[in-house]
Amino acid sequence: MDKVLLLTRREISAYFVSPIAYVAMALFLVIAGFFFALSDFRPGAPAAMRSIFDVMMVILVFVLPIITMRALSEEQKSGTIETLLTAPVTDVQVVAAKFLGSWLFFLAVLAPTLVFVVLLAAFSDPDYGPIASGYLGLALLGALYVAVGLLASSLTCNQVIAAVTAFVVLLMLAMVGPWLAAVAPPPWRGIIQNATIRKHYLDFSQGVVDLVHIVYFVALTAYALFLTVKVLESRRWR
Amino acid sequence: MSAMIEVTDLTKWYGPTLALDRASFTVEEGQIVGFLGPNGAGKSTTLRILTGFLPATSGQACVAGHDVLTDSLAVRRSIGYMPENVPLYTEMRVDEYLRFRAGLKDVPASKRREAVDRTVQRCWLTDVRRRLIGQLSKGYRQRVGLAEALVADPPVLILDEPTIGLDPAQIQAVRELIRSLAGKHTVLLSSHMLHEVERTCSRVVIIAEGRIAASGTFDELRENLADRQRVVLEVHPGDGGGGPAEIARAFAQVAGAGDVTHKNLGEGWLCVHVNPAGNADPREGLYSMVAKRGWRLREMRSEVPSLEELYVRITAGEAADADRPAA
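As you go down the protein sequences, you meet chains A and B in turn. 26 is the number of the first residue of the first sequence in my numbering; add one for each residue after it. 17 is the number of the first residue of the second sequence in my numbering; add one for each residue after it.
It is worth saying that the hints were derived from the structure and are not from the lab. One thing to keep in mind: the hints can contain errors.
Now the stretches of chain B that chain A is said to cover, found in silico as 3 or more residues with beta-carbon under 8 Å [as the list claims (entries may be wrong)]:
#1 62 to 69
#2 81 to 95
#3 103 to 113
#4 120 to 131
Remember, it's a predicted structure, so these values are computed and weren't measured experimentally. Backbone N, C-alpha and C define an ideal beta-carbon position, used for all residues, glycine too.
Working from the sequences, and respecting the hints, build out all of it.
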């Protein structure tokens, strides 16, 4: 555990010295602020953050792959993966630290959006329950996106390919999936619908915390991380 | 002394390419051993297998008594490894990086500062310890890599081309540093340059095309070469006449002589090189030939081919009679 924390700390500090992370952060906050101003923060709208939480599902498909793309690709490109994996740490520790590093950075990117809550509170009387559950959903959503991004980044030493791969997978889960569910014949419709992120994410912003949804995100995140560990291990039999 | 590194029948296939072919060698505790071979001979592959980064296709390797495959973490704990090209995190500062690596290598938090201070001094990094690694020159990066390998004070050091890309003064310094590790640490360093290995190492393992071509101390290798010595004579045909070609022809007919080459030294003197045929000794025959013809002789000596020549021959694929492992 000590080593996971040590690696995580290096990971986070690496984010804060890299310009690409600041670009992703700025991009995210501009887009999020824009949607918040347009849909949630206007006269007559309910004092809630539902629209902004819902649209995050799509914004993050574009933003998080940019944040996670360097995690393992860069190590492979520069060769530091060799010093990293020949140190006395297990592959699981490495992946856990990479995940924690990226996820905590994502939470740091998310933190400025708490200003939205302050703004709502200043001008009306928001219901804090759905806002809290919305943030919980966002944290879980971010964990899944980060895990998928890590998996993509473990597969290639090219950061652009890593970002695009993660982007395509997330696009399938978040946007193409729901569309497929709408046009698929009945027996498939339910299955596809239940596999999509949309189906499990939207409830959080309405204040519904369903165990099924939590299990969905945690399980898929764990699965993507498991695959990432296996990709790292695959150098042993490739 | 016990074997710190033990490699038995190590074989590695990269897909259809054979990179390492039943390589076996041992490195005793406290020795500095040079792993010598041309580029692409399988040096880095072997080192990567020893450090647990890659698995072997077959065969066994033990470091500090632990199997690299089944007991990888224990092996990695006892190794300091500097890979080829010295990959480093360029966005970190030198001492920050070393402290991070010391932590990864189980140096207790209370001793990390001391360990970093010690290695920074040892590797002459004091001036640059607050600099970003990305801004350092190649020579300094190489030293950071070396410091990283040393920071946890591991019993075994594996260095892949430690002096490549350094200027002569730095090479000298790195050599001294490596030599100072003898006794306390076991060092296996790879190089493709013989003189490099000759100056730092007590033993050498020569690898060519994935096979171990020779191994032993330099004296043992030289001994193997001793019976391949050639005879050098400086003769003058005297008044009796006879051109250089005739002298060469006469020497070639002596029992035990193989190839003969000659060179004009001026004023009628001739330098003749006589290579022995097989293990024969033509020296006596050569002298009687000189005496019989009444030539003047001012020098006759045996010349042992240099290790450099042996190394070139081995790496050129003529390992045939040099590959009796002396160890």
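Evaluation of the provided hints:
1. Coverage of a stretch by a chain is defined here by at least three residues with a beta carbon nearer than 8 Å to that chain's beta carbons; for the segment 62 to 69 of chain B and chain A the count is 4, and the condition holds.
2. For the segment 81 to 95 of chain B, the assignment as covered by chain A holds, since 4 residues bring a beta-carbon within under 8 Å of that chain's beta-carbons and 3 suffice.
3. Three residues within the 8 Å Cβ limit are the bar, and the segment 103 to 113 of chain B against chain A gives 6, so the coverage statement holds.
4. Three residues within the 8 Å Cβ limit are the bar, and the segment 120 to 131 of chain B against chain A gives 3, so the coverage statement holds.
When the structure is compared with the earlier hints, no violation turns up for any of them.
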